[in-house]
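Q: Protein sequence lines correspond, in order, to chains S and D.
All residue numbers in the first sequence are consecutive under the numbering used here, ending with 519.
All residue numbers in the second sequence are consecutive under the numbering used here, ending with 1038.
If you're looking for bench data, these hints aren't it; they were derived computationally from the structure.
Heads up, some of the hints might be wrong.
[Stated by the list, open to error] Only pairs whose alpha carbons sit at most 25 Å apart, straight line, appear in this in silico DSS-like list of lysine-lysine: (1) D:Lys685 with S:Lys482; (2) S:Lys470 with D:Lys926; (3) D:Lys989 with S:Lys407; (4) D:Lys1001 with S:Lys407; (5) S:Lys470 with D:Lys878; (6) S:Lys482 with D:Lys989; (7) S:Lys198 with S:Lys100; (8) D:Lys1001 with S:Lys166; (9) S:Lys470 with D:Lys613; (10) D:Lys926 with S:Lys482.
Protein chains: 2
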Amino acid sequence: MNTISSSTIPHHHLPAACSRPGINQLSLIRARQQVVVEPQPPHEKVTSHAARLANSLSNLLHLHLETSLQKNLQYTNWNLLNQGNRTSPTTSPKEDISTKWREIHGSCDWENLMDPLHPWLRREIVKYGEFAQATYDAFDFDSFSEYCGSCRYNRHKLFDKLGLTKNGYMVSKYIYAMSHIDVPSWLERSHLVDTWSKDSNWMGYVAVSNDEESRRIGRRDIVVAWRGTVAPSEWFENIQGKLEPIGDGDVKVEQGFRNIYTSKNESTRYNKSSASEQVMKEVRRLVSLYKQNGEEVSLTITGHSLGGALALLNAYEAAKSLPNLPISVISFGAPRVGNAAFRDELHQMGVKALRVVVKQDIVPKMPGFVLNEGLQKFNEITGTQEWVYTHVGAELKLDVRASPFLKRGGFNLPGVHSLETYLHLADGFLGTDSTFRSDARRDIALVNKGCGMLANELRIPECWYQLDNKGLVRNAYGRWVKPSREPEHIPSPSREASVHASFVEMHGQYKGRQPFLSV
Amino acid sequence: MNTISSSTIPHHHLPAACSRPGINQLSLIRARQQVVVEPQPPHEKVTSHAARLANSLSNLLHLHLETSLQKNLQYTNWNLLNQGNRTSPTTSPKEDISTKWREIHGSCDWENLMDPLHPWLRREIVKYGEFAQATYDAFDFDSFSEYCGSCRYNRHKLFDKLGLTKNGYMVSKYIYAMSHIDVPSWLERSHLVDTWSKDSNWMGYVAVSNDEESRRIGRRDIVVAWRGTVAPSEWFENIQGKLEPIGDGDVKVEQGFRNIYTSKNESTRYNKSSASEQVMKEVRRLVSLYKQNGEEVSLTITGHSLGGALALLNAYEAAKSLPNLPISVISFGAPRVGNAAFRDELHQMGVKALRVVVKQDIVPKMPGFVLNEGLQKFNEITGTQEWVYTHVGAELKLDVRASPFLKRGGFNLPGVHSLETYLHLADGFLGTDSTFRSDARRDIALVNKGCGMLANELRIPECWYQLDNKGLVRNAYGRWVKPSREPEHIPSPSREASVHASFVEMHGQYKGRQPFLSV
Chain S
1 MNTISSSTIP HHHLPAACSR PGINQLSLIR ARQQVVVEPQ PPHEKVTSHA
51 ARLANSLSNL LHLHLETSLQ KNLQYTNWNL LNQGNRTSPT TSPKEDISTK
101 WREIHGSCDW ENLMDPLHPW LRREIVKYGE FAQATYDAFD FDSFSEYCGS
151 CRYNRHKLFD KLGLTKNGYM VSKYIYAMSH IDVPSWLERS HLVDTWSKDS
201 NWMGYVAVSN DEESRRIGRR DIVVAWRGTV APSEWFENIQ GKLEPIGDGD
251 VKVEQGFRNI YTSKNESTRY NKSSASEQVM KEVRRLVSLY KQNGEEVSLT
301 ITGHSLGGAL ALLNAYEAAK SLPNLPISVI SFGAPRVGNA AFRDELHQMG
351 VKALRVVVKQ DIVPKMPGFV LNEGLQKFNE ITGTQEWVYT HVGAELKLDV
401 RASPFLKRGG FNLPGVHSLE TYLHLADGFL GTDSTFRSDA RRDIALVNKG
451 CGMLANELRI PECWYQLDNK GLVRNAYGRW VKPSREPEHI PSPSREASVH
501 ASFVEMHGQY KGRQPFLSV
Chain D
520 MNTISSSTIP HHHLPAACSR PGINQLSLIR ARQQVVVEPQ PPHEKVTSHA
570 ARLANSLSNL LHLHLETSLQ KNLQYTNWNL LNQGNRTSPT TSPKEDISTK
620 WREIHGSCDW ENLMDPLHPW LRREIVKYGE FAQATYDAFD FDSFSEYCGS
670 CRYNRHKLFD KLGLTKNGYM VSKYIYAMSH IDVPSWLERS HLVDTWSKDS
720 NWMGYVAVSN DEESRRIGRR DIVVAWRGTV APSEWFENIQ GKLEPIGDGD
770 VKVEQGFRNI YTSKNESTRY NKSSASEQVM KEVRRLVSLY KQNGEEVSLT
820 ITGHSLGGAL ALLNAYEAAK SLPNLPISVI SFGAPRVGNA AFRDELHQMG
870 VKALRVVVKQ DIVPKMPGFV LNEGLQKFNE ITGTQEWVYT HVGAELKLDV
920 RASPFLKRGG FNLPGVHSLE TYLHLADGFL GTDSTFRSDA RRDIALVNKG
970 CGMLANELRI PECWYQLDNK GLVRNAYGRW VKPSREPEHI PSPSREASVH
1020 ASFVEMHGQY KGRQPFLSV
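Bound-form chain S, shown alone (with noise of 0.2 Å):
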């Protein structure tokens, strides 16, 4: 592989977490807390009330954050970083798992895989946290373009501006979303007139495995990945965590999750249809041309944050809808979604869920940290558990604290959510008791590209997934002009709503190989 210039490598706005000092935390923190507080200036409220929660947050959760200086940081770890580390690949090898892909994707619930964490596990659990970064890395956050909120790629050449083609896998549909109910800072919108689209976002997408990544995992996998908040602080805010029936039986989960995986318009240009029927639609049609084929199916449903519940909200209607097919759900940093009749039912249907989550981190303990905590224990003795928010699967539970390459002190809740911070963690856990695994490969710089988890002596700037100039380039006169999206890359709904003459366009695309997806 050449040096990528600068030119070739993709660009996007990543909304950094700490551009916006302050709110993040700040509204984290008060997501389900209410305190009464003196009347007070606006700006003067919130910041009294943030120093106050921050603190009775930290040990009320128990979180034992060391305030005061870096621990010493292990030296082996950091040669490897400054010398070899920066020479070699940034990818662990691909191991054939053909003959234990059931057990990796879950079927006995990953017991004995987790602690030690199984290097084959770990290896797949970073390439679906790719996966659901990928939707955060080319999304178009940009509030000046007409193309804010959409994907910045079309789908053809979405893993490949994104190095990710690595992965083996092909995105074969766009998800869109929109929601009823209006929830400040979820939608992405731009602040002009003429838009792509007024009322969705793009919410991830579903992908498949080409042959030589079906033959090395065992089975032709389906990858749905659903993007979540970078910056989920506000959209938490405004849950009132209300669970909502979904019609069977007692089970209820969180209706701000499922109006967005639900909502549509006929009015609207890319919900026409709820993000629950495009993304069925691809999966039915997907299992059946495989299945058609003989081969072995499986459906991996991923998603950090946000896109973790949607990851559980469409595992539960996959199940439904395909009852013999493999699913899993690998979440990162995800709240809870339903009760727990919720969680039985999708236990259940054999629905496998493995939580990736954490320690220091608050997303995961939402909706109704502070009161459900105690409810639970209340719960499980009165058994009127239904109206309770209760997790699903297994965890995999991280700590900050078990990376030298991270910073210790501080109280950093957009840096410890962060889905890289994620992807690091998980790339150097070997088990609880263990300290980082010292061949762990994955580029550390990455953890910084929208927070500033990495410690100083590291030389990684904060937040620098930036674009060159925000975007702007200098024309033939001179002047900073804003460019246009290349004409391939601009959303069509007509386009996009085409399955099938995408279908024969990809086959046209790629012809002489065989069959759909195979590249």
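With chain S fixed as given, assemble chain D onto it according to the hints.
A: Below, chain D without anything else, positioned relative to chain S:
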């Protein structure tokens, strides 16, 4: 000219004024005010302090800031911008001003040239302003770089990298400064241990007009451009406003400014001689060189903010040292520097100063902007002016409200103080009672390089002047790394101190052309 590709665009970390929300406005406001408030947690105290002061200051200074909606826009200008103007040159025509250069240079104190503003003078003001802007655009603000505080480019490449060769000057020397007074937030420092310099910052440069430009402007023009502070708030907060005598009768100047201008230390790499000594040695050398050739020579000293203060100190010294040299200062948003005796002395020595001031900018009202306004009247009666700060020279007063492209409401102190805002307003200034110049050509997008002053309708992002991924590049192994600075741009005290060597070097480089510096 061809479209400049992203790889050839100069990249710099301009520390965005708006990237430190609150702090700038805040500290600026606090600079000369002390208000007794109830003891509160530090953060709260600062916030309430700021809020109250912002209100009272707005009244006190008669800023008449509109906090309501945007005024009606002048659609003539908008159309210009949105249509033809994006495909027009960014500079006004270069007229031959050789017969009028003394008036343009201020020999008659710019009488009858300022209101309405003579187009030849306007063009020169913008030219010198761009020289001052270069000291920001090329400055290395990256605290993770071992070259933090230096210029990103060597002096031979500076104008080329910034697209300023069009002005027809060439840099002959870089100036470095330090301070014996510990003024926080003045000196930019690297986080690293091994750095190019621990004590000094790049503070500006000396440049000379080439033959072609010299013919156009009627003389060989020596320019000194002084770097200021992009975020002057913390800096000015720490100016104690102490006037100190400089040995000439009653003449007194602000000690903080003077300290930066005169500090030196034998143990440093770049300030074995002071900024004053460096610049005067080079100016004397150039004056002597061109006078020997029988050429007419002028000295024009420019700077923004702190740089404008240093420009005045520099002019004072140059006038003492070179009595017959025509000396002008063109300053932008500069604070007061000395007392009335300092002003009178400059006047007597024939130094001409044109102070470009934006009405809404607070910095030109410093130091002592609250007390001083009253005291001055008092002292004019009592005759004890020697301790009171006084402005020097003629004032060109600009008004943010004159431009239809700028935001109206709010109290954006960093934005109104920004040099690019000054240059935009100067480019559009016709006269006190005129609307914005309809044929102003300077690229409006430049205003938002380091602030968010432009109206949203223009779709230019705030603080867009930033490096692709903050300078990180992906190496051949897929790892994100910070590349080393190219050797030719690494500062070297021996190379830079040796003027003779560089003289030879330049003759070598441009051999076949004569005389020195004519490129």
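Q: Now look at each hint and say whether the structure bears it out.
A: Against the structure, the hints come out as follows:
1. As the CA atoms of lysine 685 of chain D and lysine 482 of chain S are separated by approximately 24 Å, the hinted pair is consistent with the 25 Å bound.
2. Taking the CA atoms of lysine 470 of chain S and lysine 926 of chain D, the gap is about 20 Å. The hint holds against a cut of 25 Å.
3. Distance restraint check for lysine 989 of chain D and lysine 407 of chain S: the Cα-Cα separation of roughly 20 Å lies within the 25 Å cut-off, and the hinted pair is therefore satisfied.
4. Restraint check for lysine 1001 of chain D and lysine 407 of chain S: satisfied, since their Cα atoms lie roughly 20 Å apart, inside the 25 Å limit.
5. Taken as a hint, the lysine 470 of chain S and lysine 878 of chain D pair is broken in the structure, with Cα atoms around 30 Å apart against an allowance of 25 Å.
6. Annotation: proposed proximity of lysine 482 of chain S to lysine 989 of chain D holds, straight-line Cα distance about 19 Å (limit 25 Å).
7. Among the hinted pairs, lysine 198 of chain S with lysine 100 of chain S is inconsistent with the structure: their alpha-carbon atoms are about 46 Å apart, more than 25 Å.
8. Of the supplied pair hints, the one linking lysine 1001 of chain D and lysine 166 of chain S holds, its CA atoms being roughly 24 Å apart against a limit of 25 Å.
9. Annotation: proposed proximity of lysine 470 of chain S to lysine 613 of chain D is violated, straight-line Cα distance about 32 Å (limit 25 Å).
10. Note on lysine 926 of chain D and lysine 482 of chain S: the hinted pairing holds, with a Cα-Cα distance of about 20 Å set against a maximum of 25 Å.
In this structure, the earlier hints numbered 5, 7, 9 are contradicted, and the remaining ones agree with it.
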